[in-house]
Every structure is written in structure tokens, then in C-alpha cells.
Amino acid sequence: MKNHLVDYILHLADNALILGQRNAEWCGHGPVLEQDIAITNISLDLIGQSRNFYQYAAQIIGNESDEDKLAFLRNEREFRNCLLVELPKGDWAQTILRQFFFSAYQQLLFTELQKCNDKQIAAIATKSLKEVAYHLRWSSEWVIRLGDGTEESHQRIVDAIEALWRYTGELFISADYEIQNANAGIGTDAGLLKPQWEEKVKEIFAEATLPYPSKSYFQTGGKEGKHTEHLGYILAEMQYMQRVFPGSEW
Amino acid sequence: MEALATIENIKSVLDTVMDPEVPVLSVIDLGIVRDIVVAENQTEIIITPTYSGCPAMDVIRANIKMELLANGFTNIKITTVLSPAWTTDWMTEDGKKKLKAYGIAPPNPKQLVCHTDLFAAEEAIECPHCHSYHTHRVSEFGSTACKALYVCDTCREPFDYFKCH
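Top line first, the protein sequences correspond to chains L and P. The working numbering numbers the first residue of the first sequence as 1 and each following residue consecutively. The working numbering numbers the first residue of the second sequence as 1001 and each following residue consecutively.
By construction, these hints were calculated from the structure, which means they are not laboratory data. One or more of the hints may lead you astray.
[What the hints assert, rightly or not] Below 20 Å or equal to it, Euclidean Cα-Cα: the simulated EDC-like pairs (lysine to aspartate or glutamate) are:
(1) 1098(P) - 1015(P)
(2) 202(L) - 249(L)
(3) 200(L) - 1117(P)
(4) 69(L) - 199(L)
(5) 130(L) - 1157(P)
(6) 130(L) - 1015(P)
(7) 130(L) - 159(L)
(8) 202(L) - 1089(P)
(9) 215(L) - 199(L)
(10) 1100(P) - 1058(P)
(11) 69(L) - 1089(P)
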């Protein structure tokens, strides 16, 4: 039987886990020490959020399910994260821009989820929202710094917009389980968040002297398990230990 | 020997369980112990994480259990709750003093500094070394999730600020 609530919680968990994992690739490679620490702190927050969601999903699934099995033993097609979070980290501009797009979205979504009918989802959202406020402030500042910086930094973030924009539309196209949950008072139709998100992006882009893309064809599929080629590679790396040594622990 | 489980007895043990990342703060100082429920055959300690991803939480849970067992308390249950979400306002005054003595600037009261304006300088954070207020933030994110990096413009020493949350 399809469980829409579990699908939705896994979607929230997978988004946070995969982006957390992508950002963690900067560990030891950040452009300067302080920003290396910043992006990995954000990773830690995201992975913490994903753990809270996975633990809750496992509790509903029962049957000896647990957070590790959900993170490490599901296959690519079972992951419900958006395409945006699975794309390679790219250069610093691309990482920053993705974080900004995602944090702006997460802030709107979690503000909705804070008042939802499911107490545990509301608690996780409320807790996470405090962290997201820092992520959004930090990434907004960096988008402005790069856009309104040097010729090269400006060009790099323009290139990042070109690379990422087509993956932003999916955030606002509800999957079936999002609609089902919204009808049950958990979350909202993702499309309703779009105007506010666009407003935020326009505000920051204007400050950053960046052009706002007029329109685009949007890629979709991640929420339903149809991913880009990149997800398979990151899962292979992330899941290797549990696949080779099942049940191994620290 | 089995110890008598009263809230006071349990609390005095918890006063000695330190945050592994900031070893001058006990779990009580941090404000993460939300409740102690003593029942006939079980004592439940209810705790809440500081940040979602705080890696110290697993260690803290284990340390609470070990310390209570070592002091003769049995049938301990530790429950983690997320709501209401932890805030630095729950840190004890005593805890703030200990932090400062340890060289970490304690969190300012939340209503003074928690705003999200871009490039906004936080209100004066006092240098824990020379007590100057001429300090500036180097990075929003520091050595652990709960801290930010600062530098003192008077004594030039870098320091951690336990950021308000």
C-alpha cells in the first residue's frame, strides 16, 4: 500500500540528506577556512534535519526500519529528493546559488509546516527553521558578494544561474504525495510558495546586479524517483560501507 | 548500592555531566534537560538537542546514562524531544559565566541580536579576554554548530561566540 505520509517525510529527509552530502564535499576544499567551516556547518544542520525526518519515517514504517536503513539501503529510484540538490557541487558560485535557492524555498516550506496537523513534522520544521534563517542569510550575502563583486565573480554566478535555473521549477510542482498531504493539513501545494520565493530571489538578484531569468523549461522527476545521472554516483559513494559491510557501526 | 531517585538527587548528578564540546558547561547549564520524571520503577530524563545536527547529542545521551548508573540510579530512560525548540535563552546565568571564564563569549539575550538583516553587524559582543566591545564577526559559523567566529579589535585575539538561537 502506498503511504503518502511516509513518501512525503522521505522526500523532506532525502532533500536534506543529499544536499548535506553535496555540501560536505567542500570539507577541506573551501575557498577560505572560515567559509569551508560555514558550508560544512550547513551540511551538519541539513544532515541533522534529515536524521529527524528519517527517524520519524522509520517509526511510522515500523518493521525494524531505522534511519540508517532508509539512508543507506534504498536505491536511486526510491529517493524522492528534488533534482536541484543532487547536482554536482560545481564551483563556489554554483554551491552558493543552490544553497540560496534551496534555503529560500525551505524557509517558506517550513514556515507552513510549523503549523501543520502532524505534531512531529511541525516540531522538526520549527527546530530547523532557526537554522535555515542562518543558511539563508549567509547564502544571500554570498550571492550579493559574488554578483556585485569582480568581473570574474559576477560571470561565475551568471554561469551558475544558467546551470541551475532549470532545476528550480520542480520545487514548486507538487508531487501526488504533496497534494495528498496538503489535503490532510500537512504542508501546502508547493505551487503556492512560488510567488514569495520569486520575490525573494528578485530582491537578492537586484542587490547583486544579476539578471533575473525571464523564463525557462524546467526539469522535473526527482520527487517521483526519476533522477539525473548524478544521484547514482553520490549514493554509490555514500552507501558503499553499508552495502559492503551490512550493519557495520562506528 | 541503589540510590534514591528524587528529582534533586538526579539533578545533582546531571550537574556533573558536561557537554563534550564545551566541557565547562553541564547539561543543566546548557538548558537541554527539559524534564525529569521520577516514577515508581523508572526515571525518565527528557532532553532536547541544541541544533538538529549536533553530533554531541549521542555522546551526551550515553554520558547521562553512564553517570546515573555509576551513581546507583537504575532503570533510566532518556527521551529526546524536539518541541519546544531549544533556545540560548535557556542557558543558565551560571553557565554564561562559566563560558566567559573559559574564553567563549556567552550568547546575548535573543531579542537583542537575533535578526536576519543581510550584512547586519550583531550588537556588541564582549571580548571574553580583554572585555572590549570593539569586536567584529569573522564568520557566522564556527568550530561547532552553536558558535560563530569573532575577532577582538582591541586585543586582536580571535574568539568564539556562542551565538544566540
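Results for each hint:
1. 1098(P) - 1015(P): Given that 20 Å is the threshold and the Cα spacing comes to 13 Å, the pair holds.
2. 202(L) - 249(L): violated, 46 Å
3. 200(L) - 1117(P): holds, 13 Å
4. 69(L) - 199(L): Measuring from Cα to Cα gives roughly 39 Å; hence the hint is violated.
5. 130(L) - 1157(P): violated, 29 Å
6. 130(L) - 1015(P): Violated - the C-alpha atoms of residue 1015(P) and residue 130(L) are around 27 Å apart, more than 20 Å.
7. 130(L) - 159(L): Roughly 31 Å between the alpha carbons, so the hint for residue 130(L) and residue 159(L) is violated.
8. 202(L) - 1089(P): violated, 35 Å
9. 215(L) - 199(L): Since the Cα atoms of residue 215(L) and residue 199(L) sit roughly 15 Å apart, the hinted pair holds (cutoff 20 Å).
10. 1100(P) - 1058(P): Roughly 26 Å separates the two Cα atoms, so the pair is violated.
11. 69(L) - 1089(P): violated, 36 Å
Hint violations for this structure: numbers 2, 4, 5, 6, 7, 8, 10, 11, all remaining hints satisfied.
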